[in-house]
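> Keeping their order, the protein sequence lines are chains P and R.
Counting in numbering that gives the first Met the number 0, the first sequence tops out at residue 293, every number present.
Counting in numbering that gives the first Met the number 0, the second sequence tops out at residue 357, every number present.
No lab work stands behind these hints: they were computed from the structure.
As the structure is a computational prediction, the values presented were derived from the model and not from experiment.
Using N, Cα and C, we set each Cβ at its ideal position, and we do this for glycine too.
Certain hints may be false.
Stated by the list, open to error - Some, not all, of what chain R presents toward chain P, calculated at C-beta under 7 Å:
#1 W11
#2 L60
#3 R140
#4 A153
#5 G156
#6 A157
#7 I160
#8 G218
#9 G322
#10 A330
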Amino acid sequence: MDLLVGQLLTGLSTGSILLLAALGLSLTFGQMGVVNMAHGEFIMAGCYTAYVVQQVVGDAGVSLLIALPIGFLVGGAMGLVLEALLLRRLYHRPLDTLLVTFGVGLVLQQAARDVFGAPAVNVSVPEALRGGVDLLGTTVPRTRLFIMALAVLAVTAVALVLRFTPAGRRIRAVTGNRDLAETAGISSRRVDAATFFIGSGLAGVAGVALTLIGSTSPTTGQSYLVDAFLVVVAGGLGRIKGAVVAAVALGALQAVFETYSTASLAKVGVFVVIVVFLQLRPQGLFTLRTRSLA
Amino acid sequence: MNRFLQTRAGTWTGFAAAALVLFGLAPLLLSGFRLGLLAQFLCYAVVAVGIGLAWGRGGMLTLGQGVFFGMGAYLMAMHLKTADAEFRGGPGAVPDFMELAGIRELPAYWAPFSSPAFTIAAILVLPTAFAVLLGLAVFKRRVKGAYFAILSQALAGAFAILLIGQQSLGGFNGLSRFRYFFGFTLADPVNQRMLYFIAAGVLLSVVAVALQLRRSRYGELLVAVRDAEERVRFLGYDAANVKVVAYAVAALFASVAGAVFVPIVGIISPASIGIVPSIMFILGVAIGGRASLVGPVVGALAVAWAQTALSEQFPSAWTYAQGLLFVLVIALLPGGIASIASVARRFPTKRTQVEAAA
Numbered sequence: 000m001d002l003l004v005g006q007l008l009t010g011l012s013t014g015s016i017l018l019l020a021a022l023g024l025s026l027t028f029g030q031m032g033v034v035n036m037a038h039g040e041f042i043m044a045g046c047y048t049a050y051v052v053q054q055v056v057g058d059a060g061v062s063l064l065i066a067l068p069i070g071f072l073v074g075g076a077m078g079l080v081l082e083a084l085l086l087r088r089l090y091h092r093p094l095d096t097l098l099v100t101f102g103v104g105l106v107l108q109q110a111a112r113d114v115f116g117a118p119a120v121n122v123s124v125p126e127a128l129r130g131g132v133d134l135l136g137t138t139v140p141r142t143r144l145f146i147m148a149l150a151v152l153a154v155t156a157v158a159l160v161l162r163f164t165p166a167g168r169r170i171r172a173v174t175g176n177r178d179l180a181e182t183a184g185i186s187s188r189r190v191d192a193a194t195f196f197i198g199s200g201l202a203g204v205a206g207v208a209l210t211l212i213g214s215t216s217p218t219t220g221q222s223y224l225v226d227a228f229l230v231v232v233a234g235g236l237g238r239i240k241g242a243v244v245a246a247v248a249l250g251a252l253q254a255v256f257e258t259y260s261t262a263s264l265a266k267v268g269v270f271v272v273i274v275v276f277l278q279l280r281p282q283g284l285f286t287l288r289t290r291s292l293a
Numbered sequence: 000m001n002r003f004l005q006t007r008a009g010t011w012t013g014f015a016a017a018a019l020v021l022f023g024l025a026p027l028l029l030s031g032f033r034l035g036l037l038a039q040f041l042c043y044a045v046v047a048v049g050i051g052l053a054w055g056r057g058g059m060l061t062l063g064q065g066v067f068f069g070m071g072a073y074l075m076a077m078h079l080k081t082a083d084a085e086f087r088g089g090p091g092a093v094p095d096f097m098e099l100a101g102i103r104e105l106p107a108y109w110a111p112f113s114s115p116a117f118t119i120a121a122i123l124v125l126p127t128a129f130a131v132l133l134g135l136a137v138f139k140r141r142v143k144g145a146y147f148a149i150l151s152q153a154l155a156g157a158f159a160i161l162l163i164g165q166q167s168l169g170g171f172n173g174l175s176r177f178r179y180f181f182g183f184t185l186a187d188p189v190n191q192r193m194l195y196f197i198a199a200g201v202l203l204s205v206v207a208v209a210l211q212l213r214r215s216r217y218g219e220l221l222v223a224v225r226d227a228e229e230r231v232r233f234l235g236y237d238a239a240n241v242k243v244v245a246y247a248v249a250a251l252f253a254s255v256a257g258a259v260f261v262p263i264v265g266i267i268s269p270a271s272i273g274i275v276p277s278i279m280f281i282l283g284v285a286i287g288g289r290a291s292l293v294g295p296v297v298g299a300l301a302v303a304w305a306q307t308a309l310s311e312q313f314p315s316a317w318t319y320a321q322g323l324l325f326v327l328v329i330a331l332l333p334g335g336i337a338s339i340a341s342v343a344r345r346f347p348t349k350r351t352q353v354e355a356a357a
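Just chain P, same shape as in the assembly (with noise of 0.2 Å):
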């Protein structure tokens, strides 16, 4: 029953990393058919915000305070250049987007081995982070929690914009069906910029809250990286409520496979899954429903 407990706990927090790192590629990826694979990078970005903020502020705590808004601001301005500069030319080629992206991740991993050297560096966690905390017989680590947290608000706020707001009702327009939005007078450009920017921005506050867990690394997003396209990929298209489910689902998975075999097991074990999963349900676990052929 503890092994169950500590091992569903683990994936939770193994979960919510998955889902912060790819919550903002679901909102890009299921709008604009964009596979930004520079978001890893956003994410590296957000990372060395938070390091640098630390070096300015001194204290641990509030420099996270302080991070996790710049980082978000880092974040989506990085993707409002990518869209205007890049994207914007390329919305109907979406396998060209991957490739462009990756070459902008490219030139940024470069960049920042560049500014910060090649090492890894570390961000040190705020006092009242430190430890764990005794949760149902098992110890959870306390920067663990907070990023559940963190993962839980920024879903929440997500939600809550894209229900609520003018913004996020047109954001939902043109998400469910572009040309019809348009017709109604919604500018689409103006809400793919929008987009972009919450989109990236979540990767930067993704990337201040990782510093809790993990060195950084230039190459930090990149690692996150594949594993949140595939929650992407299971949770459907543009679906939060996917994105959710599926990076849970992912992470107990994983933590599951990581105690009855190795951990390179374990993600041979998520791929065959995943792909096992896609013949059942090949649009994902939640779909739009459109009526295009495509």
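Take the given structure of chain P and dock chain R to it, following the hints.
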């Protein structure tokens, strides 16, 4: 020029010219070391031809060719290691790296690889069969586009991680230090030259197979599936089968390339087949022209050459260049170098219709 190459005589002339360069000029002009490098680049070009078929003609962006390349490479490396071990210690001897890792018994799945015939059959069959299985699973359920690209990329990541965990396959360090290649000493320059000729021969035959596929009815169908899959399906064809064939052929090409790569380079490790190396295979194809036949070959050779020439002296600048090449070529010249002529011809009218905007 292009029209001439379309004709039968033109095709033969093209192949004759390529054979003359590969088998005549290159060995004459290049030193042993450079010839070895060229042999290595030719292996990348073989992979590129497969990607050109699957991606350029079939619209399947496969970011996981490193998996099939790695399969071929590891299968060949396993044979070379067992053969070396048998040469030193008789049948059933354990390869040197296993002794270091403390493995005393030859694992059961290694044993068949002491047979050259079995190894070659495995290199041809295993990756192809795996590609067919995976292709059927994915394409029959109409998983396509970006979904397929992401899955293939995850596959490459999972495969590399799986290999790192296998101590009996050399783990992180991979397999290296081969002495013999089917009984020939690898240290001998004459045999190294022979390996170059094998690589060149493989490239020419792979291009010939790809050409035949392109010109066949199947080739037409493949392009039709790329451009309008629904329409092909409405006409009564099974689009999934068409895709599986191209995917499997690309896998076979990559596997053979990997098998030839191992004796030439002398090492195969998870680092050269993971996510990043797999996507790097794409770069040459994109630059050369994904939908053309010779474009991927030229692009792959050019990128491999530039990598060798620049990456040691200017590692930072080379990475920037790689990233920018991806951005510039895909965004501005999706047809690659092969399309420059037609883009230039259309230039005054500013119509940038691209053949392969899949």
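> All hints, please: hold or fail.
Going through the hints against the structure:
The interface hint given for W11 of chain R is broken, as the beta carbon of that residue sits about 35 Å from the closest beta carbon of chain P, more than 7 Å. The criterion of a C-beta within 7 Å of any C-beta in chain P is met by L60 of chain R, whose closest approach is roughly 5 Å, and the hint holds. The beta carbon of R140 of chain R is positioned within 7 Å of a beta carbon in chain P (closest approach about 4 Å), and the interface hint is therefore held. Hint status for A153 of chain R: holds, given a least beta-carbon distance of 5 Å to chain P, under 7 Å.
The criterion of a C-beta within 7 Å of any C-beta in chain P is met by G156 of chain R, whose closest approach is roughly 5 Å, and the hint holds. Because the smallest distance between the Cβ of A157 of chain R and any Cβ of chain P comes to about 4 Å, under 7 Å, the interface hint for this residue holds. Residue-level restraint check for I160 of chain R holds (minimum Cβ-Cβ distance to chain P is 5 Å; threshold 7 Å). With a least beta-carbon distance of about 20 Å to chain P, the hint placing G218 of chain R at the interface is violated under the 7 Å criterion.
With a cut of 7 Å, the hint placing G322 of chain R at the interface with chain P holds, because the nearest CB-to-CB distance is about 3 Å. The beta carbon of A330 of chain R is positioned within 7 Å of a beta carbon in chain P (closest approach about 5 Å), and the interface hint is therefore held.
Violated hints for the displayed structure, listed by number in ascending order: 1, 8.
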